[in-house]
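Visitor: Chains as they are written, first to last, in my numbering: chain R, -18 to 365; chain C, -18 to 365.
Be aware that one or more of the hints could be misleading.
The list treats identical chains as one, so a pair stands whether inside a single copy or across any two.
What the hints assert, rightly or not - Derived pair list, reagent style EDC-like, types lysine to aspartate or glutamate, alpha-carbon separation capped at 16 Å:
#  : residue 1 : residue 2
1  : K201      : D95
2  : K209      : E157
3  : K(-3)     : E(-14)
4  : K2        : D363
5  : K64       : E138
6  : K308      : D288
7  : K12       : D363
8  : K2        : E(-14)
9  : K12       : E300
10 : K321      : E299
11 : K64       : E42
12 : K24       : E157
13 : K209      : D29
14 : K12       : E65
15 : K57       : E314
16 : K150      : E(-14)
17 : K64       : E311
Honestly, the hints are just simulated from the structure, not real lab data.
These numbers come from a predicted model, not from an experiment.
There are 2 protein chains.
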Amino acid sequence: MYNFEYQNPVKIIFGKGEITKVGQNIPEGSKILLTYGGGSIFKNGVYDQVKSSIKGFEVIEFGAIEPNPHYETLMKAVEVAKKENITFLLSVGGGSVLDGTKFIAAATRFSKGDPWNILSRHATVTDAIPIGAVLTLPATGSEMNSGAVITRVEFQEKLAFMSPFVMPKFSVLDPEVIFSLPERQVANGIVDSFVHVIEQYLTFPVNSPIQDRFAESILKTLIEEGPKVLANRTDYEAAANLMWSSTMALNGLIGVGVPQDWATHMIGHELTAFHGIDHAQTLAIVLPGVMHIKRDQKKDKILQLGDRVWGINEGNDEERINLTILKTVEFFESVGIPTKLPNYQVGTDTIDTICDRFTKRGYKVGEKADVGPAEIRLILEDRL
Amino acid sequence: MYNFEYQNPVKIIFGKGEITKVGQNIPEGSKILLTYGGGSIFKNGVYDQVKSSIKGFEVIEFGAIEPNPHYETLMKAVEVAKKENITFLLSVGGGSVLDGTKFIAAATRFSKGDPWNILSRHATVTDAIPIGAVLTLPATGSEMNSGAVITRVEFQEKLAFMSPFVMPKFSVLDPEVIFSLPERQVANGIVDSFVHVIEQYLTFPVNSPIQDRFAESILKTLIEEGPKVLANRTDYEAAANLMWSSTMALNGLIGVGVPQDWATHMIGHELTAFHGIDHAQTLAIVLPGVMHIKRDQKKDKILQLGDRVWGINEGNDEERINLTILKTVEFFESVGIPTKLPNYQVGTDTIDTICDRFTKRGYKVGEKADVGPAEIRLILEDRL
Chain R
-18 MYNFEYQNPV
-8 KIIFGKGEIT
2 KVGQNIPEGS
12 KILLTYGGGS
22 IFKNGVYDQV
32 KSSIKGFEVI
42 EFGAIEPNPH
52 YETLMKAVEV
62 AKKENITFLL
72 SVGGGSVLDG
82 TKFIAAATRF
92 SKGDPWNILS
102 RHATVTDAIP
112 IGAVLTLPAT
122 GSEMNSGAVI
132 TRVEFQEKLA
142 FMSPFVMPKF
152 SVLDPEVIFS
162 LPERQVANGI
172 VDSFVHVIEQ
182 YLTFPVNSPI
192 QDRFAESILK
202 TLIEEGPKVL
212 ANRTDYEAAA
222 NLMWSSTMAL
232 NGLIGVGVPQ
242 DWATHMIGHE
252 LTAFHGIDHA
262 QTLAIVLPGV
272 MHIKRDQKKD
282 KILQLGDRVW
292 GINEGNDEER
302 INLTILKTVE
312 FFESVGIPTK
322 LPNYQVGTDT
332 IDTICDRFTK
342 RGYKVGEKAD
352 VGPAEIRLIL
362 EDRL
Chain C
-18 MYNFEYQNPV
-8 KIIFGKGEIT
2 KVGQNIPEGS
12 KILLTYGGGS
22 IFKNGVYDQV
32 KSSIKGFEVI
42 EFGAIEPNPH
52 YETLMKAVEV
62 AKKENITFLL
72 SVGGGSVLDG
82 TKFIAAATRF
92 SKGDPWNILS
102 RHATVTDAIP
112 IGAVLTLPAT
122 GSEMNSGAVI
132 TRVEFQEKLA
142 FMSPFVMPKF
152 SVLDPEVIFS
162 LPERQVANGI
172 VDSFVHVIEQ
182 YLTFPVNSPI
192 QDRFAESILK
202 TLIEEGPKVL
212 ANRTDYEAAA
222 NLMWSSTMAL
232 NGLIGVGVPQ
242 DWATHMIGHE
252 LTAFHGIDHA
262 QTLAIVLPGV
272 MHIKRDQKKD
282 KILQLGDRVW
292 GINEGNDEER
302 INLTILKTVE
312 FFESVGIPTK
322 LPNYQVGTDT
332 IDTICDRFTK
342 RGYKVGEKAD
352 VGPAEIRLIL
362 EDRL
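This is chain R alone, in the form it adopts within the complex:
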């Protein structure tokens, strides 16, 4: 394996009933901005649990943060945070609310010009308002990492930033929040988590058996537990296992000392930016194309994935690779996520637009930085 540094100080508070501990984990005297999304927290009881836990704190609320949170919306929250001298951000929602809150945290204390530079130019974040999180949807892993993805609607841009300053101080993971989730959100979470693991695993071997086996452990658990949650939303044990898998998929641990890909995410972000397709849906579309087009470079790991996760150990290499891709596609479709562009009314025009954008940006993606416009075209054409 490669040399690496790893540090993840997020405090995880996991299990049913744990939302009661939110207040005791926020510094006394904090002035809190409570951020949330479309309002599901009012229906599932989470809002009431949180409010009851933070009694005694001064609290201002900022809701209606969208899926793929909008820069435009978040900058309004930044104004509020500045005007009100907010000292703690409490994100109550899924990955979008938390990603948005991370941006609010960094942008409010950003002193070197336009906060857009944090996203567009990777301007270094040197401070942020401390964040706590109550997760209402297992999917993005944002609850235990330093990353966030933000969309600027006017530019049709979906861009990421990372900073240790925006890691949550704590994240409360109560699996019971899953009980009231719509099927589509659960399915998205399963696929998102699955692809997070794949992006850190399905590259080329560097002799990293711990990282590989941990990755396979998460994939196998998602394959087993995901459908249980879809079949019975109130299966607490399955919900807990799905939620913990989702966090472990992107808290950095399985990615230490190994090559990482992220081409699927980078291409998928464009599908969301141009067509508003759910993030996880874009991953389910793009990943099979990446596996197919990069099958030679990824050969050893695709075979290992097939063998260890899907139990594919017969046939020649080509047959095994094809079957491994097929099994992956079938899994996504089995949880209700279509994997072809036409399923989302997307055609060749969009492929041209995305390839143009990557041509203008001038950089390539993938674990060997060799996936440029030509390869992206092949990957997306594979998904027609």
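Given chain R, put chain C in place with the hints provided.
Guide: Same frame as chain R, but now just chain C:
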């Protein structure tokens, strides 16, 4: 799985050549007490690398910390730390040096009476001198956890304490330190790590597939990579995999939300306290006895261990359990660690003494707190 809280802020700096980064991770202006053990760091070049990295800091040295570090020795270091107003402790050694350093860190700032109470009465630690670690031997996991085990020679007592205040701020893990280790220390490290995993895994099922599979991942990696390191001490990749396995075995992650045993450690500590047997050797002696005597309570997990780690999937349950215990014994012996009491010139007298001690203490150990003097006698008699 059970509810849990997990937070592990230790910064891991992993890989060859990384010892050069020690200095930049210590706060400017720190007055350092550099702690070490028997002096192997002078022979393998680690001392020189560390000293070169911390040029410019004021440094005092405290060496000769023993294996199973002695309270008596450590209290001398506490005197030095107080007198010299030490503000940072740099542990350069294996788990014993680091455990000893953790005790120095806590005892120096302990203000509520005799520091012995930290061990004997679990007095709460509320402050500690910050610690950094350069690990020279993969085994104990102390580099990424909050625990330490200390021996008081005059009382023949070996006792543990835990506190988040003594978690290292950083730990440098350079696998090249393994190149010059004697066979016995490598073998001890393999067995110690193996049993750390077992103590958090081989209990009863609580539907925790991520924790189970991660545990099995570490066991399989130890079984594969350990012998490679013993066969060729300069196999960097195997050394790196062993070192990372050892850290992951006891950084708390695989133990979240699941029952834990630790009977093997508690009984083993007594064998060290009375006979000075290496810690890992005591584990290799005791574990097979625990597996045998608690085979009913641990049945489901022993069968799972046999199946998933040792590939034992034929025969009836009793046969599988016996074979799983045998495979474990054979593994320990294959790395050169005998597993019977007579191999260490220990007989029934010691069994009586240990049982008497547990009778006096009045508490039981194991995942169901049901392993008392009578069970301990059976476990140890199984090892005659």
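Visitor: All hints, please: hold or fail.
Guide: Going down the list of hints, with the structure as the test:
Proximity of K201 to D95 under the C-alpha cut-off of 16 Å is found in neither arrangement, the shortest distances being 44 Å within a copy and 51 Å between copies. Proximity of K209 to E157 under the C-alpha cut-off of 16 Å is restricted to the intra-copy arrangement: shortest distance 14 Å within a copy versus 45 Å between copies. In this assembly of identical chains, K(-3) and E(-14) lie within 16 Å of each other by CA distance solely across copies; the values are 12 Å between and 33 Å within a copy. Taking CA atoms no more than 16 Å apart as the test, K2 paired with D363 passes in neither setting, with 48 Å inside one copy and 46 Å between copies.
With identical chains, the CA atoms of K64 and E138 are never at most 16 Å apart, being 28 Å at best within one copy and 60 Å at best between copies. Proximity of K308 to D288 under the C-alpha cut-off of 16 Å is restricted to the intra-copy arrangement: shortest distance 12 Å within a copy versus 25 Å between copies. Within a single copy, K12 and D363 get their C-alpha atoms no closer than 51 Å, and across copies no closer than 61 Å, so neither meets the 16 Å cut-off. In this assembly of identical chains, the alpha carbons of K2 and E(-14) lie at most 16 Å apart only when taken from different copies (11 Å versus 31 Å within one copy).
Proximity of K12 to E300 under the C-alpha cut-off of 16 Å is found in neither arrangement, the shortest distances being 59 Å within a copy and 63 Å between copies. Taking identical chains as interchangeable, the C-alpha atoms of K321 and E299 are never at most 16 Å apart, the minima being 22 Å within one chain and 51 Å between chains. When the C-alpha separation of K64 and E42 is checked against a cutoff of 16 Å, the pair qualifies only within one copy, where the shortest distance is 13 Å, while the shortest distance between copies is 52 Å. For a Cα distance limit of 16 Å, the shortest separation of K24 from E157 inside one copy, 13 Å, qualifies, whereas the shortest one across copies, 56 Å, does not.
For the homomeric pair K209 and D29, neither the shortest alpha-carbon distance inside one copy (28 Å) nor that between copies (56 Å) is at most 16 Å. Within a single copy, K12 and E65 get their C-alpha atoms as close as 8 Å, which meets the 16 Å cut-off; across copies the closest is 41 Å, which misses it. Taking identical chains as interchangeable, the C-alpha atoms of K57 and E314 are never at most 16 Å apart, the minima being 38 Å within one chain and 66 Å between chains. For a Cα distance limit of 16 Å, the shortest separation of K150 from E(-14) across copies, 13 Å, qualifies, whereas the shortest one inside one copy, 20 Å, does not.
With identical chains, the CA atoms of K64 and E311 are never at most 16 Å apart, being 50 Å at best within one copy and 68 Å at best between copies.
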